[in-house]
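From first to last, the protein sequence lines are chains R and X. Count along the first sequence from 1, then add 77; that gives the number in the numbering used here. The second sequence: position 51 = 50 (the numbering used here), numbered continuously.
These are calculated hints, taken from the structure and not from any lab test. Predicted, not measured: the structure shown is a model, and the values here were computed from it. Glycine included, every Cβ here is placed at the ideal spot set by N, Cα and C. A couple of the hints might just be wrong.
[To be verified] In silico negatives: residues of chain R with every beta carbon more than 10 Å from chain X:
| no. | residue |
| --- | --- |
| 1 | MET116 |
| 2 | ARG122 |
| 3 | GLU127 |
| 4 | ASP138 |
| 5 | PRO141 |
| 6 | ASP162 |
| 7 | VAL194 |
| 8 | ARG197 |
| 9 | LEU200 |
| 10 | SER213 |
| 11 | GLY215 |
| 12 | SER216 |
| 13 | ASP223 |
[Stated by the list, open to error] No farther apart than 25 Å at their CA atoms in a straight line, the calculated lysine to any residue pairs in the SDA-like style are these:
| no. | chain 1 | residue 1 | chain 2 | residue 2 |
| --- | --- | --- | --- | --- |
| 14 | X | LYS83 | X | LEU22 |
| 15 | R | LYS205 | R | PRO187 |
| 16 | X | LYS9 | R | LYS205 |
| 17 | R | LYS136 | X | ARG59 |
| 18 | X | LYS12 | R | VAL225 |
| 19 | X | LYS83 | R | LYS136 |
| 20 | X | LYS83 | R | GLN177 |
| 21 | X | LYS83 | R | VAL225 |
| 22 | R | LYS136 | X | THR77 |
| 23 | R | LYS205 | X | TYR71 |
| 24 | X | LYS83 | X | ALA100 |
| 25 | R | LYS136 | X | THR49 |
| 26 | X | LYS83 | R | THR188 |
| 27 | R | LYS134 | X | LYS12 |
| 28 | R | LYS136 | X | SER47 |
| 29 | X | LYS9 | X | SER79 |
| 30 | R | LYS134 | X | ASP15 |
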Amino acid sequence: MPGNHPSTRRRFLETAGSAALAGALYRVTLQPAGATPAMLNSAIRNLVGEAPLRTGKVKLDIPPLVENGNTVPMTVSVTSPMSADDYVRSIHVFNEKNPQPYIGNFHLGPTSGRAQVSTRIRLADSQKVVAIAQMSDGSFWSASIDVVVTLAACTEEL
Amino acid sequence: MASALINVPKRAKRGDVIEIRALTSHIMEPGYRRTAAGEVVPRDIITSFTCRYNGREIFRAELFPAISANPYLSFFTTVSESGKFEFEWIGDNGFSQTASAAITVE
């Protein structure tokens, strides 16, 4: 094999093979400076502070297998009566391996009626996505989901 | 040229919970991509979206580069009176866009 880089065909075959074996993924371009699980944890810490983060009440809907990381449909819904004294104040979504851990912050109120937000997001790699809801009483609830992405977003070459 | 699509029901009953969907055209350049020459393409995203109902803020979102191009948002609100929803997008490089939709509440 001349040169340092494997041929496109070889790369394709390797990719196809590993994908078939492990349901794995490949990155179009390897870029450093991705967010790390540590950055995810510190982003979450910044939000919740010392308060306990409990699992439950939040439902995070993302397809578990995503072909194109550039537009991934996402819906977050939170179980809440959404009354004047018991409602969801905000919903925050984080990721593990994009260049930065933040995806979006959504601020709701007692008149929202239903605590549900949908949008479309970018995922640069197969990774964990975390949604956290802050309730009107100040408590934090979370849900997370592992998503497999076959075509990465954010860091590709133009 | 930027443009926005808003989906709000024209009429609703008092106390109904309605879904609002908002889509605007925007490149949402994340600021991490490189050209073939290796230069970073500067970030150009929408950073904030606000929805007001008769002047009162009912929903606000802070957006990051991880939001897809042409950002789409769907959310809910309880309607209490006829009036107007106003939408505002604010972003990098002085980007600002507004849209509005009227609703009749019976």
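Hint by hint, here is what the structure shows:
1. MET116: holds (13 Å)
2. ARG122: About 18 Å separates R:ARG122 from the closest Cβ of chain X, which puts it past 10 Å; holds.
3. GLU127: Label holds. Min Cβ-Cβ 23 Å, cutoff 10 Å.
4. ASP138: The claim stands: R:ASP138 keeps its Cβ more than 10 Å from every Cβ of chain X (closest is about 12 Å).
5. PRO141: holds (18 Å)
6. ASP162: Holds: least Cβ distance 15 Å, greater than 10 Å.
7. VAL194: About 5 Å separates R:VAL194 from the closest Cβ of chain X, which leaves it inside 10 Å; violated.
8. ARG197: violated (4 Å)
9. LEU200: Answer for R:LEU200: violated, closest chain X Cβ roughly 8 Å.
10. SER213: Consistent with the label, R:SER213 stays out of reach of chain X, its closest Cβ about 15 Å off (over 10 Å).
11. GLY215: Consistent with the label, R:GLY215 stays out of reach of chain X, its closest Cβ about 19 Å off (over 10 Å).
12. SER216: holds (21 Å)
13. ASP223: Correct as stated: the minimum Cβ-Cβ distance to chain X is 16 Å, above 10 Å.
14. X:LYS83 - X:LEU22: holds (18 Å)
15. R:LYS205 - R:PRO187: Between R:LYS205 and R:PRO187 the Cα gap is close to 30 Å, so the pair fails against 25 Å, i.e. violated.
16. X:LYS9 - R:LYS205: violated (39 Å)
17. R:LYS136 - X:ARG59: Distance of about 20 Å is within 25 Å: holds.
18. X:LYS12 - R:VAL225: violated (42 Å)
19. X:LYS83 - R:LYS136: violated (31 Å)
20. X:LYS83 - R:GLN177: violated (36 Å)
21. X:LYS83 - R:VAL225: Since the Cα atoms of X:LYS83 and R:VAL225 sit roughly 41 Å apart, the hinted pair is violated (cutoff 25 Å).
22. R:LYS136 - X:THR77: Since the Cα atoms of R:LYS136 and X:THR77 sit roughly 21 Å apart, the hinted pair holds (cutoff 25 Å).
23. R:LYS205 - X:TYR71: Holds. R:LYS205 to X:TYR71 sits at ~22 Å (cutoff 25 Å).
24. X:LYS83 - X:ALA100: holds (6 Å)
25. R:LYS136 - X:THR49: holds (24 Å)
26. X:LYS83 - R:THR188: It holds: about 16 Å lies between the C-alpha atoms, which stays within 25 Å.
27. R:LYS134 - X:LYS12: violated (29 Å)
28. R:LYS136 - X:SER47: Given pair R:LYS136, X:SER47 holds - Cα atoms ~24 Å apart, limit 25 Å.
29. X:LYS9 - X:SER79: Holds, because 14 Å separates the two Cα atoms, which is no more than 25 Å.
30. R:LYS134 - X:ASP15: With a Cα-Cα distance of about 23 Å, the restraint between R:LYS134 and X:ASP15 holds, given a limit of 25 Å.
Violated hints for the displayed structure, listed by number in ascending order: 7, 8, 9, 15, 16, 18, 19, 20, 21 and 27.
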